[in-house]
Amino acid sequence: MSRTSVPARRPAGLKAATLPKWFPWAVAAGSVALGLGISTAAGLDSGIQWALIAALLFVAGSYGISARLEGRRQAKDRVATSLIWVAFLLAVVPLASLVYETVRRGTKVLDGHFLTHSMGVVADTETGGGIYHALLGTLEQVGIATAIAVPIGVLTAIYLVEYGRGRLAKAITFFVDVMTGIPSIVAGLFVLSLWIVVLGMGYSGFAGSMALAILMLPVVVRSTEEMLKLVPNELREASLALGVPKWRTILKVVLPTSVGGITTGVMLAVARITGETAPLLLLVWVTNFINANPFQDPQASLPVYIYLQYANSGGSGAAYDRAWAGALVLIAFIMILNLVARGIARWKAPQAGR
Amino acid sequence: MAKRIDVSGLNAYYGSFLAVEDISMTVEPRSVTAFIGPSGCGKSTFLRTLNRMHEVTPGGRVEGKVLLDDEDLYGPGIDPVAVRREVGMVFQRPNPFPTMSVYDNVAAGLRLNGSYKKSELDDIVEKSLRGANLWNEVKDRLARPGSGLSGGQQQRLCIARAIAVEPDVLLMDEPCSALDPISTLAIEDLIGELKERFTIVIVTHNMQQAARVSDRTAFFNLAAVGKPGRLIELDDTERIFSNPSVQATEDYISGRFG
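If you read the sequences in order, they're chains R and S. Per our numbering, residue 1 is the first one in the first sequence, and the count goes up by one each step. Per our numbering, residue 355 is the first one in the second sequence, and the count goes up by one each step.
Hints in this document: simulated from the structure, not taken from any laboratory. All figures in this text were calculated on a predicted structure; none of them were measured in a lab. Cβ coordinates follow ideal geometry from the N, Cα and C atoms, glycine included. Each hint should be verified, as a subset may be incorrect.
Rough simulated footprint, nothing fancy, chain S against chain R, three-plus residues with beta-carbon under 8 Å [claimed, not checked]:
#: 1; region: 229–235
#: 2; region: 238–244
#: 3; region: 248–262
Straight line, CA to CA, 30 Å or less: simulated DSSO-like cross-link-like pairs of lysine-lysine [as the list claims (entries may be wrong)]:
#: 4; chain 1: R; residue 1: 76; chain 2: R; residue 2: 170
#: 5; chain 1: S; residue 1: 493; chain 2: S; residue 2: 472
#: 6; chain 1: S; residue 1: 471; chain 2: R; residue 2: 252
#: 7; chain 1: R; residue 1: 246; chain 2: S; residue 2: 357
#: 8; chain 1: R; residue 1: 246; chain 2: S; residue 2: 472
#: 9; chain 1: S; residue 1: 481; chain 2: R; residue 2: 252
#: 10; chain 1: R; residue 1: 348; chain 2: S; residue 2: 357
#: 11; chain 1: S; residue 1: 581; chain 2: R; residue 2: 252
#: 12; chain 1: S; residue 1: 549; chain 2: S; residue 2: 493
#: 13; chain 1: R; residue 1: 252; chain 2: S; residue 2: 493
#: 14; chain 1: S; residue 1: 471; chain 2: R; residue 2: 348
#: 15; chain 1: S; residue 1: 419; chain 2: R; residue 2: 246
#: 16; chain 1: R; residue 1: 348; chain 2: R; residue 2: 252
#: 17; chain 1: S; residue 1: 481; chain 2: R; residue 2: 246
#: 18; chain 1: S; residue 1: 549; chain 2: S; residue 2: 471
#: 19; chain 1: S; residue 1: 481; chain 2: S; residue 2: 493
#: 20; chain 1: R; residue 1: 252; chain 2: S; residue 2: 472
#: 21; chain 1: R; residue 1: 170; chain 2: R; residue 2: 246
#: 22; chain 1: S; residue 1: 472; chain 2: S; residue 2: 549
#: 23; chain 1: R; residue 1: 76; chain 2: R; residue 2: 15
#: 24; chain 1: S; residue 1: 419; chain 2: S; residue 2: 581
#: 25; chain 1: S; residue 1: 357; chain 2: S; residue 2: 471
#: 26; chain 1: S; residue 1: 472; chain 2: R; residue 2: 348
Using the sequences provided together with the hints, build the complete structure.
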């Protein structure tokens, strides 16, 4: 009896109905048209309600038509595919819109003058002025933070992967995890209480760098650790079996093999701290003048500059434009860092050419 | 500078697990000794105790004596790094350093241990690559990445890298198990040439290979899974494969094992 039921469930042949390749596009176009039509007909004045209706119609439409013409399994496949497309658009639309707005508003005052002048004698409501002092401050603060966090972080990761056994390693891993969760304002408060309140130092770029380094450290440790774990153990053994001491093995075999990934991790950590505002407000304060010395007196920085230009604009279009241009420079800076990191990762990656 | 190895009463542990128990044997200089036996019987573990690579594994621990000529490798004050310079090793899977060129791979052992003049290095690299029968195939692409060679070439590159530091003993842990028959033949021929200069110990699962390349063969076995591996017998290869003195060896070689 079971012998008769099995063939019955088989399809008649290997060929099955397939909808043409343009089918998803046609459904998408149809849903957008229908969504626009419904919202105009119903008199909805919101800008994006039509898009939500269109998205729902797209998912439901793909399923309905496909289930009818192709079968249940293909219909489920199409629903999954269309859901992923909808999710993709939901994620990309804000990003694209953010970049578009920043570029559109930021390019108004972004020019050579803007990049090479400070706000020294420019009142908030006047036009002119620039971000030179803030750019300089950000470069110095982030540079010092990187110089503190990268050696400590990479050495910690090397200890954890190559040497660490037992309690100490476990404790370090645990504290690195805890550090990952420290809010930036808390890191700022910590340095504020220790450096400025207890030790009596003044506001300076260096104080901000210390807070940034605290935020950067766990990211560097984690990413370096993952990269070192990816280095095959056979390479370490091959080197040890040649009579190379362990420290030279790490320096000459393990690190070069993973340097691309480590660089990428460091650059991502740099990108993350470049946009930090809260600890800098607490520790570096702000100035409208150029201060090239990160160890003394307040410095400006890009995130704080953007915030203050916006907050103190007092309805003036000039300050508002400067805030957007500052934001554009910040985004461009981080994007360039990421591109450089990718370039280094590709350049240093182990090659398998013949 | 081939040297004799004398092992007596050697136990190897992983943590508290005794993997290899009470092994005593002598490996003659300028000869090829093959280790055969079922998987998990401790051949590779024992091989790795001969250049102190066993202790690189977390929890790895060794008791007993390994004499290289007259020096105990596990004696007090012995530097494992120095031991590994005298006793080189080739692994099961070819493992050239991926960031280095063919040339740098061969020179790695020397460069990482000290400084050499460019001309000296050139000579040693050429000599080692010739010694590994690889020179003619790679002489035009010494600057290319070592990982771009074929599997068999990579393994010969690893052998060249191992012999470049002029060890006294060369340990090979299933060096052909990841290679095709032609590359295997190339490496077996090479082993025949290398034994003029080095003491060679080779672990293999391929009994024809043991019969082809080795002068002496050691058979390892374990009583049951979870029990330590032991040396059953060590004798001239011809005798092991024609008329072994222990029944278990004959059973294993004739395929009646287990």
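Evaluation of the provided hints:
1. 229–235: n = 3 at 8 Å, threshold three: holds.
2. 238–244: holds (count 7)
3. 248–262: n = 6 at 8 Å, threshold three: holds.
4. R:76 <-> R:170: Outside the cut-off at roughly 46 Å; violated.
5. S:493 <-> S:472: Cα-Cα ~17 Å, so holds.
6. S:471 <-> R:252: With Cα atoms ~19 Å apart, residue 471 (chain S) and residue 252 (chain R) stay inside 30 Å; holds.
7. R:246 <-> S:357: 26 Å, holds
8. R:246 <-> S:472: Roughly 25 Å between the alpha carbons, so the hint for residue 246 (chain R) and residue 472 (chain S) holds.
9. S:481 <-> R:252: 24 Å, holds
10. R:348 <-> S:357: 41 Å, violated
11. S:581 <-> R:252: At roughly 39 Å apart (the allowed maximum being 30 Å), residue 252 (chain R) and residue 581 (chain S) break the hint.
12. S:549 <-> S:493: 24 Å, holds
13. R:252 <-> S:493: 24 Å, holds
14. S:471 <-> R:348: 26 Å, holds
15. S:419 <-> R:246: OK: residue 419 (chain S) and residue 246 (chain R) at ~24 Å, within 30 Å.
16. R:348 <-> R:252: 14 Å, holds
17. S:481 <-> R:246: 27 Å, holds
18. S:549 <-> S:471: Holds, at about 29 Å.
19. S:481 <-> S:493: 12 Å, holds
20. R:252 <-> S:472: This hinted pair holds, its Cα atoms lying about 19 Å apart.
21. R:170 <-> R:246: 22 Å, holds
22. S:472 <-> S:549: 29 Å, holds
23. R:76 <-> R:15: 19 Å, holds
24. S:419 <-> S:581: Holds. Residue 419 (chain S) to residue 581 (chain S) sits at ~22 Å (cutoff 30 Å).
25. S:357 <-> S:471: Given pair residue 357 (chain S), residue 471 (chain S) holds - Cα atoms ~28 Å apart, limit 30 Å.
26. S:472 <-> R:348: Distance of about 25 Å is within 30 Å: holds.
Checked against the numbered hints above, the structure breaks hints 4, 10 and 11 and satisfies the rest.
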